[in-house]
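A.B. asks: So the chains spell out like this:
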Amino acid sequence: MNWGSASEFFAMGGYGFYVWGSFGVTAAALLIETLLVRKRLGDTRRLLRRELAADRESQD
Amino acid sequence: MSQPLINWFKFASPASFYPLAGKLWPWFAALATAFAAAGLWISFFVAPTDFQQGEGYRIIFIHVPASWMSMFIYCVMAFWSAIGIGFNTRLSGMMSSALAPTGALFAFLSLWTGALWGKPMWGAWWVWDARLTSELILLFLYLGYIALTAAIDDPRRADKAGAIVSLVGVINVPIIYFSVKWWNTLHQGASVSMTKAPTMAATMLWGMLLMALAFWMYSIAVALYRVRAIILERERHATWVAELPEMQR
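So the sequence lines, in the order shown, correspond to chains A and B.
Going by my numbering, 478 is the number at position 51 of the first sequence; the sequence numbering is gapless.
Going by my numbering, 464 is the number at position 19 of the second sequence; the sequence numbering is gapless.
Worth flagging that the hints you see were computed from the coordinates, not collected in a lab.
Some hints here could point you the wrong way.
What the hints assert, rightly or not - Label pairs and their computed distance ranges (CB to CB):
1. A:Leu462 to B:Thr648: 30 to 38 Å
2. B:Ile530 to A:Ile459: 28 to 36 Å
3. A:Asp470 to B:Pro464: 16 to 24 Å
4. A:Phe436 to B:Glu678: 39 to 47 Å
5. B:His682 to A:Ser434: 29 to 37 Å
6. A:Ala433 to B:Ile530: 26 to 34 Å
7. A:Ala456 to B:Ile582: 19 to 27 Å
8. B:Gln633 to A:Glu435: 25 to 33 Å
9. A:Leu462 to B:Ala479: 18 to 26 Å
10. B:Ile609 to A:Glu478: 42 to 50 Å
11. B:Asn629 to A:Ala456: 18 to 26 Å
12. A:Ala456 to B:Ala479: 14 to 22 Å
13. A:Arg477 to B:Cys520: 37 to 45 Å
Unchecked claim - In silico DSBU-like pairs for lysine-lysine, Cα to Cα no more than 35 Å straight-line:
14. B:Lys605 to A:Lys466
15. B:Lys626 to B:Lys564
16. A:Lys466 to B:Lys626
17. B:Lys468 to B:Lys564
Using N, Cα and C, we set each Cβ at its ideal position, and we do this for glycine too.
Just chain A, same shape as in the assembly (with noise of 0.2 Å):
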């Protein structure tokens, strides 16, 4: 174990800002890179869901 405490964790001995920067942008990165992707095939269902609803109603 490399830490006394919670605040010693967090101040990463002075280097902070450049390992949380680091690590805190990569997670959130990948975060919404997994969002976007979802809405992406959320949106893309969505569509085709109207049209072929628009294409059955307009056979029937």
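Take the given structure of chain A and dock chain B to it, following the hints.
C.D. replies: Then chain B, alone, in the frame of chain A:
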């Protein structure tokens, strides 16, 4: 002729790859989470403080895996591009397009974490060093691929154009890798090599490898998820799409 165990060509059709990708991505997402948890634990709680760089060196646990992934994903894109040009399979272009944004993201993260590491250790966010410059070119190659394929309306032609960009650009990957040997760079040499024993503590190496596995599994999961969206967008007029259970009201 003996019967192969798996008929690979069956999965080359978007109609059968769409449900397969849907079944596979949760497993890769679960693996990514597990590897990330183990990797982060080692990165912060097991790996000792570096005697030269203090705690600042911990950036290595995402910087190196992100850089590896940015190069590896580009090679996978080039592989799918070659398959697409050689066999004229529709799925290959979709795989390349599904990988490009994730590759670009890792190239960006490699540069970003590199800048945050360079500032405290070298005193500069950025230097025009061969390693950094060739990685920046990799990011531009990804962005160029994305912009070019987005600018061409016909997806099949977009795939062809994109395939040429990725096949020509793949020359840049060995340039990045060997840049620290070929040129006199500020960037340090490879910490892990195939031929020599690694020049770092075993726990540091384990942390890096676990984080690399986490990024790798993440990339597969997110690319499989994205390729499903791309398949639906491109095959929207196909009968199999209309017959999908999620398309019924």
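A.B. asks: Each of the hints needs a verdict: does it hold here or not?
C.D. replies: So, going through the hints one by one against the coordinates:
no.	hint	result
1	A:Leu462 to B:Thr648: 30 to 38 Å	holds (33 Å)
2	B:Ile530 to A:Ile459: 28 to 36 Å	holds (33 Å)
3	A:Asp470 to B:Pro464: 16 to 24 Å	holds (20 Å)
4	A:Phe436 to B:Glu678: 39 to 47 Å	holds (45 Å)
5	B:His682 to A:Ser434: 29 to 37 Å	violated (59 Å)
6	A:Ala433 to B:Ile530: 26 to 34 Å	violated (55 Å)
7	A:Ala456 to B:Ile582: 19 to 27 Å	holds (20 Å)
8	B:Gln633 to A:Glu435: 25 to 33 Å	holds (27 Å)
9	A:Leu462 to B:Ala479: 18 to 26 Å	holds (21 Å)
10	B:Ile609 to A:Glu478: 42 to 50 Å	violated (33 Å)
11	B:Asn629 to A:Ala456: 18 to 26 Å	violated (32 Å)
12	A:Ala456 to B:Ala479: 14 to 22 Å	holds (20 Å)
13	A:Arg477 to B:Cys520: 37 to 45 Å	holds (39 Å)
14	B:Lys605 to A:Lys466	holds (27 Å)
15	B:Lys626 to B:Lys564	holds (23 Å)
16	A:Lys466 to B:Lys626	violated (43 Å)
17	B:Lys468 to B:Lys564	violated (43 Å)
The structure is inconsistent with the numbered hints 5, 6, 10, 11, 16 and 17, although it conforms to all the rest.
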